[in-house]
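Modelling step: build the complete structure from the supplied sequences, incorporating the hints.
Protein sequence lines, in the order shown, are assigned to chains G and Y.
Here our numbering is used: the first residue of the first sequence is 27, the next is one more, and so on.
Here our numbering is used: the first residue of the second sequence is 27, the next is one more, and so on.
Fair warning: there could be bad hints in the mix.
Remember, identical chains collapse to one label, so a pair may be satisfied in a single copy or spanning two.
[Stated by the list, open to error] Here are the simulated lysine-lysine pairs, DSBU-like style, with alpha carbons at most 30 angstroms apart:
no., residue 1, residue 2
1, K136, K279
2, K33, K279
3, K158, K33
4, K118, K158
5, K158, K279
6, K96, K136
Since the hints were made in silico from the structure, they are not lab data.
Number of protein chains: 2
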Amino acid sequence: MILVGEKINTSLKGITEAVRSRDREFIARKAVEQAENGAHYIDVNCGTLIDEEVEALPWLVQVVQEAVDKPCCIDSPNPLALSAALRVHKGKPMINSITAEKERYDSIIKLVQEYNAAIVALVMDDEHGMPKDAPTRIKVGVRLIADLVQAGVALDDIYIDPLIQPISTDSNMALVAVDTIRGIREVYPGVHFMCGLSNVSFGLPRRGLLNRTFLVMCMLAGLDGAILDPGNREMMSMIYAAEALLNRDAYLKNYLKAYRSGLLD
Amino acid sequence: MILVGEKINTSLKGITEAVRSRDREFIARKAVEQAENGAHYIDVNCGTLIDEEVEALPWLVQVVQEAVDKPCCIDSPNPLALSAALRVHKGKPMINSITAEKERYDSIIKLVQEYNAAIVALVMDDEHGMPKDAPTRIKVGVRLIADLVQAGVALDDIYIDPLIQPISTDSNMALVAVDTIRGIREVYPGVHFMCGLSNVSFGLPRRGLLNRTFLVMCMLAGLDGAILDPGNREMMSMIYAAEALLNRDAYLKNYLKAYRSGLLD
Chain G
27 MILVGEKINT
37 SLKGITEAVR
47 SRDREFIARK
57 AVEQAENGAH
67 YIDVNCGTLI
77 DEEVEALPWL
87 VQVVQEAVDK
97 PCCIDSPNPL
107 ALSAALRVHK
117 GKPMINSITA
127 EKERYDSIIK
137 LVQEYNAAIV
147 ALVMDDEHGM
157 PKDAPTRIKV
167 GVRLIADLVQ
177 AGVALDDIYI
187 DPLIQPISTD
197 SNMALVAVDT
207 IRGIREVYPG
217 VHFMCGLSNV
227 SFGLPRRGLL
237 NRTFLVMCML
247 AGLDGAILDP
257 GNREMMSMIY
267 AAEALLNRDA
277 YLKNYLKAYR
287 SGLLD
Chain Y
27 MILVGEKINT
37 SLKGITEAVR
47 SRDREFIARK
57 AVEQAENGAH
67 YIDVNCGTLI
77 DEEVEALPWL
87 VQVVQEAVDK
97 PCCIDSPNPL
107 ALSAALRVHK
117 GKPMINSITA
127 EKERYDSIIK
137 LVQEYNAAIV
147 ALVMDDEHGM
157 PKDAPTRIKV
167 GVRLIADLVQ
177 AGVALDDIYI
187 DPLIQPISTD
197 SNMALVAVDT
207 IRGIREVYPG
217 VHFMCGLSNV
227 SFGLPRRGLL
237 NRTFLVMCML
247 AGLDGAILDP
257 GNREMMSMIY
267 AAEALLNRDA
277 YLKNYLKAYR
287 SGLLD
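Right, dumping it as structure tokens:
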């Protein structure tokens, strides 16, 4: 499972103030915590600070990479901010995200090519927006993957985001995401999947319970990446258990190691 | 989700003594607890007391049904014990279990017909024993369902047990069970599934974590029944969450009710 630490995001409490005041220590500590808890990438997102995103995003990348030896998942729809952040990133970055919407696709694909980046790709296009049903999402996703591969992106660098929406507004939305993963994986078994989980439980109580139950379903369908808080013990326990059950953990080595390290709840 | 309470089983601590001494109060209390926690059926199993099973099993049925207004899941491979227990059972019983093994099939099917019972059917036959792979289990299961329907059993009364085996001895066993459920459900969408979960985690630490993670996977594949301890809060919380996510809980009514009743962990 490829884990992207989600905690450096100005939509979260404390981060906006830390970015506005360029508090290096606060951001560095968030990066170190997530790396120690097992994050493979550190997500950086300051999209709520529209007026200064182009300066703040590269600052975040530099602070994170001075603190930990990890690549960033550079999270913005803004090509200017992405470009500034990619320029200072060391190693192979992940860009979050591209879509099949023509304008966004054309501006982001150039950055993916220039920086040989891994890319999170949302199953959206101009014709359908955010499709409501799995067959349309699968169609949009399959076409987007074909375009990316055609543009020289390795399948192994593509992370499809099936779009997670709340079951509180449409009770079928968890299944739509699961079916989208399964359907795209049937066509492209080599592609990766990546998403945040918490949207699924928006507006409901006991969100953590819903999020981790949903994660297990997505993993059975083929999800092999997630944007989450790696300090969430219950979620991480369930990931270890799911990998063991899905026969993705040779000799149950990681599960037993996590147990001995006191990580399993 | 159809829940069968598993706690009245002489393989569990305290039950052997209670059955041997015909301690009505102890057994009645176990039945009441499970019914209060949401069990739809109360499993009764005294298979370890081979010398007295034929007397003890009907005694258990009577004690349970005097204590709670629930049907029993009468759990034995012994047709004599089953027959004695069925004779005293009130309402529509569930028999646990039949297989496609000729001798067992022939003796149990008569009881299913005579008592119009629901039947748990294991995907085993004489040729393959307990098949190691999903395609064979699916083949055995599909043939067994066809035979049962041919014998006059309603599809809605058949609960297929996909056979749960430990991932500690064969790391593919969780997936074999999941694929068996999915494969049989594709052929017979109207059939039910029912199994115990705990075998999957045999020999491993944090069994509860593995069991409930596995339950979610099986539910996504189509499992709609389980033999478990309905007093296991973490497992029950996950069932409420999974039903909500699988769009099997109209208006999220059960999930929200469980939350308000303080049942969700």
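Going through the hints against the structure:
Proximity of K136 and K279 under a CA criterion of 30 angstroms is satisfied in neither setting, with 40 angstroms inside one chain copy and 48 angstroms between copies. When the C-alpha separation of K33 and K279 is checked against a cutoff of 30 angstroms, the pair qualifies only within one copy, where the shortest distance is 28 angstroms, while the shortest distance between copies is 32 angstroms. Only within a single protomer do K158 and K33 lie at most 30 angstroms apart by alpha-carbon distance; the minimum there is 29 angstroms, versus 44 angstroms between protomers. With identical chains, the CA atoms of K118 and K158 are never at most 30 angstroms apart, being 33 angstroms at best within one copy and 43 angstroms at best between copies.
Taking the shortest Cα distances, K158 and K279 sit within 30 angstroms of each other only across copies (23 angstroms), while inside one copy they are farther apart (40 angstroms). Proximity of K96 to K136 under the C-alpha cut-off of 30 angstroms is restricted to the intra-copy arrangement: shortest distance 23 angstroms within a copy versus 66 angstroms between copies.
In terms of the numbered hints stated before, the structure departs from hints 1, 4, listed from lowest to highest.
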